[in-house]
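S.K.: Each chain, written out:
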Amino acid sequence: MSNWFTNRNGKNPAIPQWKAYEALSFSRKRQKKRPIEATRFVVFDTETTGLNYQQDRILSIGAVSVINGQIDLSNTFEKFLIQDFAPAPESIPIHGILPQTILAGSSEAETLGAFLDYVGDSILVGHHVGFDLAITNVALQRHGCGKLRNQNLDTKMLALRVEHVLKTSFYRPDDYTLDALCMRFKLTPSDRHTASGDAYLTALLLLKLLYRLKLREVHTLGALLGS
Amino acid sequence: MANTISQRVYDFLKDFPPFSLLEKEVLERVSERVIVRYVQPKEIIFRQGESPKPFIYIVREGAVHLLRTEEEDRILMDECDEGDVFGIRPLIAQQPYSLTAMAVEETLIYAIGIEGFEKVLNENPKVSFYLATNFAAGVRNRFSSENKGRIFLDRDMLIDSNFRLVEVQSMETSRTPVTCSPGTRVRSAALTMTDNEVGSIVVVNDAGHPLGILTDRDLRKNIATGIHGLDTAVSTFMSKPVICVPPNITMADVQIIMVKHRIHHLCVTETGRPDSPVRGVISEHDLLVIQGNNPAILLKEIRKGKQPAELKQIREKAETLLRKYLHQEVSISFISTIMSEINDAIICQAIKLSEIALVAEGMGPAPTAYSWLGLGSEGREEQLLRTDQDNALVFADVPKSKEEATRSWFLQFAQSVTRMLNQVGFDFCPGDMMASNPSWCLSESEWKEQFSRWILNPNQNSILYSTIFFDFRCIFGDENMPKALSQHILDMVKKQTIFLNFLAKHALDNPPPLSFFRNFVVERSGEHKDEFDIKKRAMMPLTDAARILVLEAGVSGINNTFRRFEKMAELEPQNADIYISAANAYEILMRYRALQGLQNRNSGRYFKPDELNKMQRLQLRNCFYPISEIQSLLNLRFQLSVLR
Chain A
9 MSNWFTNRNG KNPAIPQWKA YEALSFSRKR QKKRPIEATR FVVFDTETTG LNYQQDRILS
69 IGAVSVINGQ IDLSNTFEKF LIQDFAPAPE SIPIHGILPQ TILAGSSEAE TLGAFLDYVG
129 DSILVGHHVG FDLAITNVAL QRHGCGKLRN QNLDTKMLAL RVEHVLKTSF YRPDDYTLDA
189 LCMRFKLTPS DRHTASGDAY LTALLLLKLL YRLKLREVHT LGALLGS
Chain B
248 MANTISQRVY DFLKDFPPFS LLEKEVLERV SERVIVRYVQ PKEIIFRQGE SPKPFIYIVR
308 EGAVHLLRTE EEDRILMDEC DEGDVFGIRP LIAQQPYSLT AMAVEETLIY AIGIEGFEKV
368 LNENPKVSFY LATNFAAGVR NRFSSENKGR IFLDRDMLID SNFRLVEVQS METSRTPVTC
428 SPGTRVRSAA LTMTDNEVGS IVVVNDAGHP LGILTDRDLR KNIATGIHGL DTAVSTFMSK
488 PVICVPPNIT MADVQIIMVK HRIHHLCVTE TGRPDSPVRG VISEHDLLVI QGNNPAILLK
548 EIRKGKQPAE LKQIREKAET LLRKYLHQEV SISFISTIMS EINDAIICQA IKLSEIALVA
608 EGMGPAPTAY SWLGLGSEGR EEQLLRTDQD NALVFADVPK SKEEATRSWF LQFAQSVTRM
668 LNQVGFDFCP GDMMASNPSW CLSESEWKEQ FSRWILNPNQ NSILYSTIFF DFRCIFGDEN
728 MPKALSQHIL DMVKKQTIFL NFLAKHALDN PPPLSFFRNF VVERSGEHKD EFDIKKRAMM
788 PLTDAARILV LEAGVSGINN TFRRFEKMAE LEPQNADIYI SAANAYEILM RYRALQGLQN
848 RNSGRYFKPD ELNKMQRLQL RNCFYPISEI QSLLNLRFQL SVLR
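Which chain is which? The protein sequence lines are A and B, in order.
Note that our numbering has the first sequence beginning at 9, numbered continuously upward.
Note that our numbering has the second sequence beginning at 248, numbered continuously upward.
Calculated directly from the structure, the hints in this document are not laboratory data.
Treat each hint with caution, since some may be false.
[Stated by the list, open to error] No more than 25 Å apart at the CA atoms, straight line, and that leaves these computed lysine to any residue pairs for SDA-like:
{"#": "1", "chain 1": "B", "residue 1": "Lys647", "chain 2": "B", "residue 2": "Thr615"}
{"#": "2", "chain 1": "A", "residue 1": "Lys222", "chain 2": "B", "residue 2": "Lys599"}
{"#": "3", "chain 1": "B", "residue 1": "Lys289", "chain 2": "A", "residue 2": "Glu45"}
{"#": "4", "chain 1": "B", "residue 1": "Lys289", "chain 2": "A", "residue 2": "Asp199"}
{"#": "5", "chain 1": "A", "residue 1": "Lys194", "chain 2": "B", "residue 2": "Gln254"}
{"#": "6", "chain 1": "A", "residue 1": "Lys194", "chain 2": "B", "residue 2": "Thr615"}
{"#": "7", "chain 1": "A", "residue 1": "Lys41", "chain 2": "B", "residue 2": "Lys855"}
{"#": "8", "chain 1": "B", "residue 1": "Lys507", "chain 2": "B", "residue 2": "Lys271"}
{"#": "9", "chain 1": "B", "residue 1": "Lys261", "chain 2": "A", "residue 2": "Ser35"}
{"#": "10", "chain 1": "A", "residue 1": "Lys222", "chain 2": "B", "residue 2": "Gln287"}
{"#": "11", "chain 1": "A", "residue 1": "Lys194", "chain 2": "B", "residue 2": "Lys507"}
{"#": "12", "chain 1": "B", "residue 1": "Lys271", "chain 2": "A", "residue 2": "Ser198"}
{"#": "13", "chain 1": "A", "residue 1": "Lys164", "chain 2": "B", "residue 2": "Glu353"}
{"#": "14", "chain 1": "A", "residue 1": "Lys222", "chain 2": "B", "residue 2": "Arg432"}
{"#": "15", "chain 1": "B", "residue 1": "Lys559", "chain 2": "B", "residue 2": "Asn849"}
{"#": "16", "chain 1": "B", "residue 1": "Lys300", "chain 2": "A", "residue 2": "Ile44"}
{"#": "17", "chain 1": "B", "residue 1": "Lys261", "chain 2": "A", "residue 2": "His201"}
{"#": "18", "chain 1": "B", "residue 1": "Lys271", "chain 2": "A", "residue 2": "Leu81"}
{"#": "19", "chain 1": "A", "residue 1": "Lys222", "chain 2": "B", "residue 2": "Arg307"}
{"#": "20", "chain 1": "B", "residue 1": "Lys289", "chain 2": "A", "residue 2": "Arg169"}
{"#": "21", "chain 1": "A", "residue 1": "Lys194", "chain 2": "B", "residue 2": "Asp262"}
{"#": "22", "chain 1": "B", "residue 1": "Lys289", "chain 2": "A", "residue 2": "Thr228"}
{"#": "23", "chain 1": "B", "residue 1": "Lys300", "chain 2": "A", "residue 2": "Tyr219"}
{"#": "24", "chain 1": "A", "residue 1": "Lys222", "chain 2": "B", "residue 2": "Asp262"}
{"#": "25", "chain 1": "B", "residue 1": "Lys855", "chain 2": "A", "residue 2": "Leu81"}
{"#": "26", "chain 1": "B", "residue 1": "Lys261", "chain 2": "A", "residue 2": "Leu81"}
{"#": "27", "chain 1": "A", "residue 1": "Lys194", "chain 2": "B", "residue 2": "Glu813"}
{"#": "28", "chain 1": "B", "residue 1": "Lys289", "chain 2": "A", "residue 2": "His136"}
{"#": "29", "chain 1": "B", "residue 1": "Lys289", "chain 2": "A", "residue 2": "Ile75"}
{"#": "30", "chain 1": "A", "residue 1": "Lys194", "chain 2": "B", "residue 2": "Pro288"}
{"#": "31", "chain 1": "B", "residue 1": "Lys366", "chain 2": "A", "residue 2": "Ser82"}
{"#": "32", "chain 1": "B", "residue 1": "Lys855", "chain 2": "A", "residue 2": "Asp199"}
{"#": "33", "chain 1": "B", "residue 1": "Lys261", "chain 2": "A", "residue 2": "Thr196"}
[Said to hold, decoys possible] Among chain B residues calculated to face chain A with C-beta under 10 Å, some are:
{"#": "34", "residue": "Ile252"}
{"#": "35", "residue": "Pro288"}
{"#": "36", "residue": "Leu355"}
{"#": "37", "residue": "Leu368"}
{"#": "38", "residue": "Asn369"}
{"#": "39", "residue": "Asn371"}
{"#": "40", "residue": "Lys647"}
Owing to the predicted nature of the structure, the values given are computational and were not obtained by experimental measurement.
Ideal Cβ positions, reconstructed from N, Cα and C, are used throughout, including at glycine.
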């Protein structure tokens with residue numbers, strides 16, 4: 009394993025897939041007119057050692073892709089990572105990742121590489137996606153890479169938009185947790201607090217939200233991301 | 248399995264045929280290739296006439312309609328909900344779809360690629376067989392008479408060793424019967440009985456056919472008391488006629504017969520008729536030996552009970568019995584007979600104790616003849632669990648001068664009885680449909696006037712009352728008054744036929760729940776929000792329909808809903824299919840409600856649809872088809888579209 013301290017400046021990325029990823033075009037202009045049905049969304053979630061994206065580490069990444077209302081289970085992403093330190097015992101009950109699972113996993117560089125391949129130029133989606141993007145970006149930079157360049161979509165913001173609360177100045181944050189939204193949109197939560205389970209649930213939520221936006225004439229990626 | 252999500256898909260699929268028939272590894276591979284598809288309302292999944300797609304589908308959540316388009320019309324052929332498989336045409340034949348599949352609400356389906364599945368089929372003949380039989384046949388065939396009165400229980404529930412199939416076992420009569428001729432003197436008959444160590448001897452003619460039976464009890468009553476001498480011929484006081492049963496009779500039947508006739512010995516003959524040779528004797532004692540807890544013992548205990556608390560305990564024992572019967576899938580007609588006998592006995596005992604109490608308080612005995620009537624489900628002999636009391640009282644007409652005092656005695660009396668029943672665990676009726684209410688404690692002529700009023704001026708209230716009161720049944724006391732009341736109702740209905748149209752209109756107020764998961768089926772608000780009301784949505788439509796049909800046919804004396812349908816099937820052979828399937832559906836619903844009630848320790852009326860497993864749901868859903876058929880029959884017969 010190469011020493012990541014020397015790679016920090018991004019001069020010599022330790023993830024071979026980075027090059028191909030960097031070469032992709034993320035032109036917003038080009039994507040603007042694309043119909044939502046023809047768009048590939050990658051809905052992802054990370055389980056981490058904590059909530060500090062600067063210091064904490066990724067324990068697992070789960071992702072599914074959504075194209076035209078469909079999730080193909082033969083093409084999903086699920087990786088558990090080997091980290092230098094074991095998860096804090098108190099976080100085990102929440103995400104259920106035991107030290108053994110982590111030992112059986114892949115290295116961070118390996119995982120991130122595979123993830124870049126999986127994501128490509130798709131739209132990245134998550135619930136509170138900002139955190140997942142931030143911790144992933146820190147990890148990428150640790151291996152000498154840059155930040156993710158994909159356009160992204162937060163299902164929480166999307167739900168606020170669907171329910172018209174954006175225009176009012178306040179709302180109860182508790183009503184927009186993944187659990188609360190699942191309840192409201194009649195999704196049966198299962199495998200909560202596993203990266204894959206949450207990603208899958210978020211993907212279903214995305215589909216329901218997209219349908220509601222479609223009823224309000226949101227048909228293209230531009231209309232979806234632009235506002 | 249590699250992936251968490253596929254694992255969940257696997258967990259879901261493994262409960263539903265045909266996937267439940269696949270081997271674990273095979274199904275795991277199938278699950279990994281599933282495509283989860285979100286379908287919006289009105290979205291078409293495939294169209295009639297389209298060439299088949301390389302998928303079969305199963306509904307994960309939501310509902311899909313299968314429609315056939317004929318000329319301009321779209322006809323609903325089936326509705327698929329959670330766990331239903333559809334669009335399997337590509338698996339069976341390379342032919343275009345014969346139906347259109349359209350989501351009716353937001354729906355999640357799993358699309359399962361058939362690529363590779365054909366191989367699965369070839370390797371799993373069970374699966375091909377399942378698909379061939381289930382999808383070649385129409386939906387209606389799933390509800391066959393083979394499943395009469397049966398419901399699918401969880402496997403764990405069935406194999407519980409506490410529930411042995413005792414009641415439906417065949418009785419073994421191994422002992423050779425002890426017999427004597429009619430001319431035998433009592434002394435020698437008694438010697439024969441002693442020598443053989445039996446408690447009874449069958450008196451037979453030369454051909455060995457039973458003429459009567461002599462039991463220890465007969466000897467005690469007739470000889471020990473000195474009424475007859477020891478040299479009397481047994482034929483003088485033997486019990487006769489003797490009730491005969493065939494050799495292969497089940498314990499359940501033996502019980503019914505003993506309870507019904509209040510006898511303790513049955514004679515087994517070769518054909519089950521008195522004109523064939525005796526094979527053996529079944530005594531109540533034999534039954535007791537075979538099983539511990541039994542209705543006859545409970546009835547005996549009830550008749551000895553002095554305190555409501557005692558009766559309550561016995562009624563709780565009866566519930567254990569009920570549970571056992573339900574798990575053994577004993578026929579509902581047997582179960583309801585037994586449970587009604589037990590309920591009736593408790594009510595009778597409460598009545599007797601109240602009579603004694605009133606005398607003790609110095610109010611004296613009943614001033615005139617009366618009859619205690621059970622209403623509603625108790626009247627229909629359909630009350631398996633303790634629900635609300637519904638009762639009424641009719642007393643004989645008395646001269647005007649005595650009316651006041653008579654009424655006040657009966658009201659006091661009814662209050663005592665209903666209070667006592669409440670202590671036993673039969674809750675007070677929230678609508679106060681009880682004999683303690685002055686409106687429902689009336690003389691015979693007052694009841695007739697009341698019934699006439701309801702029938703002649705049908706309005707919302709009188710129709711509602713009719714649906715409760717017209718199912719009355721005499722539980723205690725004079726039997727002629729209730730009969731006269733029934734006849735009165737039939738006579739009035741004949742005169743005022745429009746009444747039946749109103750009653751029928753009321754019966755159609757609750758359309759059948761075509762599918763469980765449509766939101767309109769579950770209660771939308773109130774205490775039972777999101778629960779399914781099996782009584783209102785499924786049972787009442789059938790009960791109401793049966794009542795109207797027998798009223799129109801002029802049949803009285805049959806109160807039980809499924810027996811009413813069976814009677815109708817007899818009277819109208821052209822509609823027999825509909826009636827029989829309605830009777831079956833009703834039995835299943837009763838069984839289901841009782842099971843839910845026992846499980847949740849309540850009346851079983853409400854439950855959450857998602858607590859049911861697939862088979863239970865399928866079966867309940869199949870019960871709904873007869874409801875809609877019966878309702879269209881009513882609609883046609885009473886031409887309700889005109890009224891509505």
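S.K.: A separate judgement is required for each hint: does it hold in the structure or not?
M.R.: How the hints compare with the structure:
1. Lys647/B / Thr615/B: Measuring from Cα to Cα gives roughly 13 Å; hence the hint holds.
2. Lys222/A / Lys599/B: Violated - the C-alpha atoms of Lys599/B and Lys222/A are around 72 Å apart, more than 25 Å.
3. Lys289/B / Glu45/A: holds, 17 Å
4. Lys289/B / Asp199/A: Outside the cut-off at roughly 30 Å; violated.
5. Lys194/A / Gln254/B: Holds, because 21 Å separates the two Cα atoms, which is no more than 25 Å.
6. Lys194/A / Thr615/B: violated, 63 Å
7. Lys41/A / Lys855/B: violated, 46 Å
8. Lys507/B / Lys271/B: violated, 52 Å
9. Lys261/B / Ser35/A: violated, 45 Å
10. Lys222/A / Gln287/B: This hinted pair holds, its Cα atoms lying about 11 Å apart.
11. Lys194/A / Lys507/B: Violated: Lys194/A and Lys507/B sit about 53 Å apart, past 25 Å.
12. Lys271/B / Ser198/A: Distance ~21 Å between Lys271/B and Ser198/A Cα, so the pair holds.
13. Lys164/A / Glu353/B: holds, 20 Å
14. Lys222/A / Arg432/B: violated, 98 Å
15. Lys559/B / Asn849/B: Answer holds: Lys559/B to Asn849/B is near 16 Å, not above 25 Å.
16. Lys300/B / Ile44/A: holds, 23 Å
17. Lys261/B / His201/A: holds, 24 Å
18. Lys271/B / Leu81/A: holds, 18 Å
19. Lys222/A / Arg307/B: holds, 23 Å
20. Lys289/B / Arg169/A: holds, 24 Å
21. Lys194/A / Asp262/B: Judged against 25 Å, a Cα distance of about 22 Å means the pair holds.
22. Lys289/B / Thr228/A: holds, 21 Å
23. Lys300/B / Tyr219/A: holds, 24 Å
24. Lys222/A / Asp262/B: Since the Cα atoms of Lys222/A and Asp262/B sit roughly 35 Å apart, the hinted pair is violated (cutoff 25 Å).
25. Lys855/B / Leu81/A: Violated, at roughly 30 Å.
26. Lys261/B / Leu81/A: Holds, at roughly 17 Å.
27. Lys194/A / Glu813/B: Violated, because 43 Å separates the two Cα atoms, which is more than 25 Å.
28. Lys289/B / His136/A: violated, 32 Å
29. Lys289/B / Ile75/A: holds, 20 Å
30. Lys194/A / Pro288/B: holds, 15 Å
31. Lys366/B / Ser82/A: holds, 19 Å
32. Lys855/B / Asp199/A: Holds, because 23 Å separates the two Cα atoms, which is no more than 25 Å.
33. Lys261/B / Thr196/A: holds, 18 Å
34. Ile252: holds, 5 Å
35. Pro288: Interface hint status for Pro288/B: holds (8 Å vs cutoff 10 Å).
36. Leu355: holds, 7 Å
37. Leu368: Cβ of Leu368/B sits 20 Å from chain A, so the hint is violated.
38. Asn369: Hint violated; Asn369/B Cβ to chain A Cβ min 22 Å, cut 10 Å.
39. Asn371: violated, 21 Å
40. Lys647: Given a least distance of 66 Å, the restraint on Lys647/B is violated.
Hint compliance for this structure: hints 2, 4, 6, 7, 8, 9, 11, 14, 24, 25, 27, 28, 37, 38, 39 and 40 are not met, and every other hint is.
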